[in-house]
Structure formats: C-alpha cells, structure tokens
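Novice: At position 12 of the sequence shown (counting the first as 1) the number is 12 in UniProt numbering, and the numbers step up by one without a gap.
What the hints contain is simulated information worked out from the structure, not anything from laboratory work. Treat the hints with caution; some may be incorrect.
[Unchecked claim] List of simulated lysine to any residue pairs, SDA-like, C-alpha gap at most 25 Å:
id : residue 1 : residue 2
1  : Lys55     : Arg107
2  : Lys98     : Ser8
3  : Lys55     : Val27
[To be verified] Listed next, with one range per pair, are the computed distances between beta-carbon atoms:
id : residue 1 : residue 2 : range
4  : Arg107    : Asn41     : 18 to 28 Å
5  : His179    : Glu47     : 49 to 59 Å
6  : Ala211    : Glu47     : 46 to 56 Å
7  : Gln54     : Asp144    : 19 to 29 Å
8  : Ser100    : Thr175    : 34 to 44 Å
9  : Ala211    : Thr3      : 40 to 50 Å
10 : Gly203    : Glu38     : 28 to 38 Å
Keep in mind that this is a model prediction, so the values were computed, not measured. In this text, a Cβ means the ideal position worked out from N, Cα and C, and glycines have one as well.
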Amino acid sequence: MATISLDSLDLAALLCSRVCHDVISPVGAIVNGLEVLEDDNDASMREFALELIQKSAKQASARLQFARLAFGAAGSAGASIDLGDAEQVARGMFQDDKISFSWSAPRLLFPKNRVKLLLNLIMIAITAIPRGGSISVSVSGDADRCEFIIKSKGLNARIPAHSEALLAGDSESGTVDAHGIQIYYAGLVARASGMTVAFSIDGDEVTIRSATA
Numbered sequence: 001m002a003t004i005s006l007d008s009l010d011l012a013a014l015l016c017s018r019v020c021h022d023v024i025s026p027v028g029a030i031v032n033g034l035e036v037l038e039d040d041n042d043a044s045m046r047e048f049a050l051e052l053i054q055k056s057a058k059q060a061s062a063r064l065q066f067a068r069l070a071f072g073a074a075g076s077a078g079a080s081i082d083l084g085d086a087e088q089v090a091r092g093m094f095q096d097d098k099i100s101f102s103w104s105a106p107r108l109l110f111p112k113n114r115v116k117l118l119l120n121l122i123m124i125a126i127t128a129i130p131r132g133g134s135i136s137v138s139v140s141g142d143a144d145r146c147e148f149i150i151k152s153k154g155l156n157a158r159i160p161a162h163s164e165a166l167l168a169g170d171s172e173s174g175t176v177d178a179h180g181i182q183i184y185y186a187g188l189v190a191r192a193s194g195m196t197v198a199f200s201i202d203g204d205e206v207t208i209r210s211a212t213a
C-alpha cells in the first residue's frame, strides 16, 4: 500500500464529480419531462411528465441539501450543526421504496466535522446494499464524546472495496478515483474530527462504527 497523494485541486474536483453524479440523474429526468410537455399533447403523457418533474425536482433538491451539509462549509470554522437538521437532510435521500431508513439520535448541536462525517458514512452505507434494504442510524453521547453506529441490511450486502485502506489514506497505486473518493474523504474528516471508523459484516448486514478516539 502507498499513501495517497492528492492535492487540494484534485480533491475538490473529485468531490464535485461525486456531487454531480448524484444530482445529474434527477435533473436529466426533469429535462426529459419538460420535453414531453413540449412535444406531446396526450393528456395521460402530460400527467406522467408532470409527476416525473415533481418527483425529480424534490429528489434533486434533497440531494443538494444533503451535499451542502456533507461536503459544504455549513457555516464558519468551528461551527456546530443541529443533529435534527442532519436527520432532515438524511431522510430526504430516502424518498423511494428501495431503502427504508431509521434514525435515533439526541437533538443536540454537534461539531460541524462530526456531522459531516456522519452524513458521509450514511452515503457509504447506501453503497453497501446495492440491491436495496434498510439503513439504521444510531447516535449516542454528546458533542465531546460520541459514537455513530450505521447498519446496512440487504441482499448481497458487502463492505465497499478497499474501505480500510482508503479510510487510512492509502491505496495500492497511491491514487484515488471517483469511486473511492467518498471513503477517502470520510477518512480525512474522521481524522480532522478526532474519530475512528471501522467496518464489519455479519451475513447480510454491514455495520459502520465510528467513535471519538
């Protein structure tokens, strides 16, 4: 394994690509719906198009709000974020029936980087169940000492490839691509916030556990 060498410009570019990947699908669906409205006079098709536009607009908005907290500045340095706000944007990511979502956490202000870590771990948890299932989030403790437990359960659940190495900032080639940037970034945020992250799997359930070091 080699330590990943990534300058700030490349990190920004890869994170932007990650956000665009999540938003481009619903935005494309909105464009398709508008094209149907322009070209088709059939009442049923126009109704379908309006439903598609409405659903996709909500999805795009939810993903952007999530990205704002998970990747954005979200206030000045040292700012705190209400866990209730984190819950709201997290729930917005689960609007379809593919994955059920549950959240258990105190309504407290947590340091910005710890909330960013929690949200990024939820995104990683989604990739652990590519065929859908359920995700549960549990937060215990307070702003000084806390623990996050995120469980992904579903058919063919698996720990994302090279997770431990990427969390530690390592890879076989010493580089990271758009597929691995999420976990690499989570490792950066974990170290910045004084927390550890570990993965485990038991049957069809993957557990991500993060705690103050």
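Novice: Hint by hint, note whether the structure agrees.
Specialist: Now for the hints, and whether the structure bears them out:
| no. | hint | result |
| --- | --- | --- |
| 1 | Lys55 - Arg107 | 29 Å, violated |
| 2 | Lys98 - Ser8 | 35 Å, violated |
| 3 | Lys55 - Val27 | 11 Å, holds |
| 4 | Arg107 - Asn41: 18 to 28 Å | 51 Å, violated |
| 5 | His179 - Glu47: 49 to 59 Å | 38 Å, violated |
| 6 | Ala211 - Glu47: 46 to 56 Å | 50 Å, holds |
| 7 | Gln54 - Asp144: 19 to 29 Å | 43 Å, violated |
| 8 | Ser100 - Thr175: 34 to 44 Å | 36 Å, holds |
| 9 | Ala211 - Thr3: 40 to 50 Å | 24 Å, violated |
| 10 | Gly203 - Glu38: 28 to 38 Å | 50 Å, violated |
Consistency note: the structure conflicts with the earlier hints numbered 1, 2, 4, 5, 7, 9 and 10.
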